[in-house]
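Residue-level listing of the chains:
Protein chains: 2
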Amino acid sequence: MTIINIGDELLLGQVVNTNSAFIGQKLALKGIKVSEIITIGDDRKEIADALSYCFEKDNFVITTGGLGPTKDDITKEVICEHFNKRLVRDAETLEWVSELLASRGMELTEINRRQADVPEGCSVLKNTLGTAPGLWIQEGENVLVALPGVPFETEKLLCDEVIPRMETFVNNGKRLIYRVLMCNGISESNLSDKLGNFEQKLPPDIKLAYLPTPGILRLRLTLHGNSEDEPLLDRHFEKLKEEVGNLAFSYEDRKMEEVVGELLKKAKKTVAVAESCTGGRISELVTSVPGSSEYYKGGVVAYNNSIKRNILSVREDNLKKHGAVSEMVVSDMALNIMELFDTDYSVSTSGIAGPGGGTDEKPVGTVWIAVATPTRLTTRLFNFGKNTGRKQIVERAANAALDMLRTEILKDFKK
Amino acid sequence: MTIINIGDELLLGQVVNTNSAFIGQKLALKGIKVSEIITIGDDRKEIADALSYCFEKDNFVITTGGLGPTKDDITKEVICEHFNKRLVRDAETLEWVSELLASRGMELTEINRRQADVPEGCSVLKNTLGTAPGLWIQEGENVLVALPGVPFETEKLLCDEVIPRMETFVNNGKRLIYRVLMCNGISESNLSDKLGNFEQKLPPDIKLAYLPTPGILRLRLTLHGNSEDEPLLDRHFEKLKEEVGNLAFSYEDRKMEEVVGELLKKAKKTVAVAESCTGGRISELVTSVPGSSEYYKGGVVAYNNSIKRNILSVREDNLKKHGAVSEMVVSDMALNIMELFDTDYSVSTSGIAGPGGGTDEKPVGTVWIAVATPTRLTTRLFNFGKNTGRKQIVERAANAALDMLRTEILKDFKK
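Protein sequence lines, in the order shown, are assigned to chains A and B. The letter at position 331 of the first sequence is residue 604 when you use this note's numbering, and the numbering goes up by one with no holes. The letter at position 168 of the second sequence is residue 441 when you use this note's numbering, and the numbering goes up by one with no holes.
There could be a bad hint or two in this list.
Ranges of calculated distance between the beta carbons of each label pair, as one might list FRET restraints [claimed, not checked]:
| no. | chain 1 | residue 1 | chain 2 | residue 2 | range |
| --- | --- | --- | --- | --- | --- |
| 1 | A | THR486 | B | PRO437 | 43 to 49 Å |
| 2 | A | ASN519 | B | SER579 | 33 to 39 Å |
| 3 | B | ASN660 | A | ALA321 | 30 to 36 Å |
| 4 | B | GLU354 | A | ASN499 | 30 to 36 Å |
| 5 | B | LYS514 | A | ASN415 | 49 to 55 Å |
| 6 | B | GLU329 | A | GLY629 | 47 to 53 Å |
| 7 | B | ASN415 | A | GLU535 | 47 to 53 Å |
| 8 | A | LYS514 | B | GLU535 | 46 to 52 Å |
| 9 | A | SER500 | B | ASN357 | 42 to 48 Å |
| 10 | A | GLU368 | B | ASN583 | 55 to 61 Å |
| 11 | B | PRO636 | A | ASN499 | 43 to 49 Å |
| 12 | B | ASN583 | A | GLU535 | 41 to 47 Å |
Honestly, the hints are just simulated from the structure, not real lab data. No residue lacks a Cβ here, since even glycine has one placed at the ideal position from N, Cα and C.
The shape of chain A in the complex, shown without the other chains:
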């Protein structure tokens, strides 16, 4: 299975290519593997070349984009040339287009009518969200599926029309099976050292991949096989879980803030956040999850020491004796915001994100984090490295803080 994304806006970086990620994810879930993605502009020769190239390698190709009615939308014409077909006007699509335009109070022009032109003999995939239909063109062994470029139209057509048809066509018994494990607090190379022995003992057809982002490391175990091989993959995944131990925060492909959010939701508990060096990033992560208002009451960003003192009642004594980046100060912050915001849990951070502000004793990258629960206060000192960069130090600190919170909630849960 290969994908061809068509559109100048993708090459210029004006639009991030989310369509391929969506298609890849949905097909992977069905065990269909995307082997290559090609992104090209709205150019006749480029599209024709890409079609030839992909059908040489594979018998199933999905295109996105270039199905609209304007001058630069040429995908349909190039497809017709490739398969040596002509365009014919599809009556059902024409009816749908005129209906849709009427409902939007718009006139049916000749340009709109052209939306109903499709390659002769293809299956038309009705686009209930727009005027450009999807196309399913089968020629002998080869299948070409053409989808529009607008993400929500592509996504709906893929799920409702394409995948049900593909499942019977592409699989031929071969499936991609995979398991994902999410870690925090260890680098790719350190974990790879730790897992060296495990990796060596893997059967040659099971692959382990490391997928790092700042603060988060995703591990993926894959196997190309059929459903009889699932138990084998699961056995190795269980071993992987053991090896990784409590560095893992999820055995599915989920974000830290989703995992923490679900725990809080299940426990019907609330949380507040007191941030200094993370500058609002923890609150932003937590609130990026729809429905987070159920458990997140709010936060204070206490960047200036006066805010630590006056709003979060951090003791002057602690600030003077230990400095803002200290165990005593994050402890005050966590305990006091929990009381002030009347929550079950709280988390606080204070550190040096850089590039300025570091000292020999407390270099850039030094971060203290505290988590308060109804019965416990946990603090931890992190050093994210003085060359790590401001944004990444914030990102790592935010993920470390959420992971500490997760661990503390789990302790209460298990009782």
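With the hints as your guide, set chain B onto chain A.
What follows is chain B alone, placed relative to chain A:
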């Protein structure tokens, strides 16, 4: 210029390919066009095929991904095979890797040492954010640049190391001169309508491009010429400034939070932020700028109404009569946080980011924003569209809030 993105995670859709959009955007600003993007898995043959395919079409190729130290990172080896070179250990990189690991309190293992292995005769691009260096390999007419897959490392290497080298390599005496203007608060199509007349009157060799990201629209005026043409470009840029008027927040390629930060720094004024629907995003943007502690004192994320009431002293009466998403409530929030945090300015938001919580009267995308100054209170109602998506609504609201703050600071400045 073609890009090859390497990584199974991209084909599986576990990671959205933001690297290509970033590279496309940055190169477009320099007048360098990406003609094709190929995305493939961590597979030796696929990588080798993609390299051959791209160098047949083009003499400049950028790869991302597969430079890490683990078993599935094979890009360097395949590159060596392609150019018929061997890997050699680079002393400078080895020193950097061991320094970086030491600063993180980590041991230097053999796996880490391999990070310093580079194709013989290449230029090593120092990765100040990670252990995998970038590579610049020149063979006759052909150039291959290999960058890591981690977006923030790729982005920094591209801007600091690759683009400066590319400008001298690709352009061959031809220069691209450009001016950039940054706008907020108008869509691409609306601004393009407004500028229709201006565009028509442009000389044929001066081009206007629209480069939108959520909440921010970048306009670029380019001319391919030499330094004698600069005054001509400047004349048209002055006209463009007039046309765009106060929709522009910068006449250089700068971020909103940088522009606002510089204004506050110059004025020696301070700011506090009271957020509801933006959930910490404004504070995060403001604190992403190094040195922001000079003017940003802190913020409150008042997600729950109890926090609005108890911490920000929003009047119960206003919450009951007008609801949390109202002019009265954001006014209370802005005025009270300014007093509470003792700052010169403040900004506040309350809205419905969705997907839930919308009503007929206040649909998803409805956001009230207030800015308080020592002498004025300004409020504004925004509707970012009920189909816009949670993340984008937050992004647009945060940028709109910062732009309102910028406008108010400028009013005081001009007095």
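task = Starting from the range 43 to 49 Å, see whether the pair PRO636 of chain B and ASN499 of chain A falls in it by beta-carbon distance.
result = Between PRO636 of chain B and ASN499 of chain A, where Cβ atoms are some 48 Å apart, the hint holds.
inquiry  = Can you tell me whether the CB distance of GLU368 of chain A to ASN583 of chain B sits inside 55 to 61 Å?
reply    = 59 Å, holds
inquiry  = The hint says 43 to 49 Å between THR486 of chain A and PRO437 of chain B; measuring C-beta to C-beta, is that right?
reply    = 27 Å, violated
query = Measuring from beta carbon to beta carbon, are GLU329 of chain B and GLY629 of chain A in 47 to 53 Å?
reply = Given about 49 Å between the Cβ atoms, the range holds.
ask   = Does the Cβ-Cβ separation between ASN519 of chain A and SER579 of chain B fall within 33 to 39 Å?
value = Check passed, 34 Å falls within 33 to 39 Å.
task = Indicate whether the distance between the beta carbons of LYS514 of chain B and ASN415 of chain A respects the range 49 to 55 Å.
result = At roughly 54 Å between Cβ atoms, ASN415 of chain A and LYS514 of chain B fall inside 49 to 55 Å, so the hint holds.
request  = Check the following: the C-beta atoms of GLU354 of chain B and ASN499 of chain A are separated by a distance inside 30 to 36 Å.
outcome  = 33 Å, holds
query = Is 42 to 48 Å a correct range for the gap between the Cβ atoms of SER500 of chain A and ASN357 of chain B?
reply = 44 Å, holds
ask   = Taking the CB of ASN415 of chain B and the CB of GLU535 of chain A, does the distance hold inside 47 to 53 Å?
value = Check passed, 50 Å falls within 47 to 53 Å.
query = Does the Cβ-Cβ separation between ASN660 of chain B and ALA321 of chain A fall within 30 to 36 Å?
reply = 35 Å, holds
key: Beta-carbon spacing of LYS514 of chain A to GLU535 of chain B - inside the hinted bounds 46 to 52 Å or not   = Because 50 Å falls inside the window, the suggested range holds.
Distance restraint evaluation - ASN583 of chain B, GLU535 of chain A, Cβ atoms, bounds 41 to 47 Å = 27 Å, violated
When each numbered hint is compared with the structure, violations occur for hints 1, 12.
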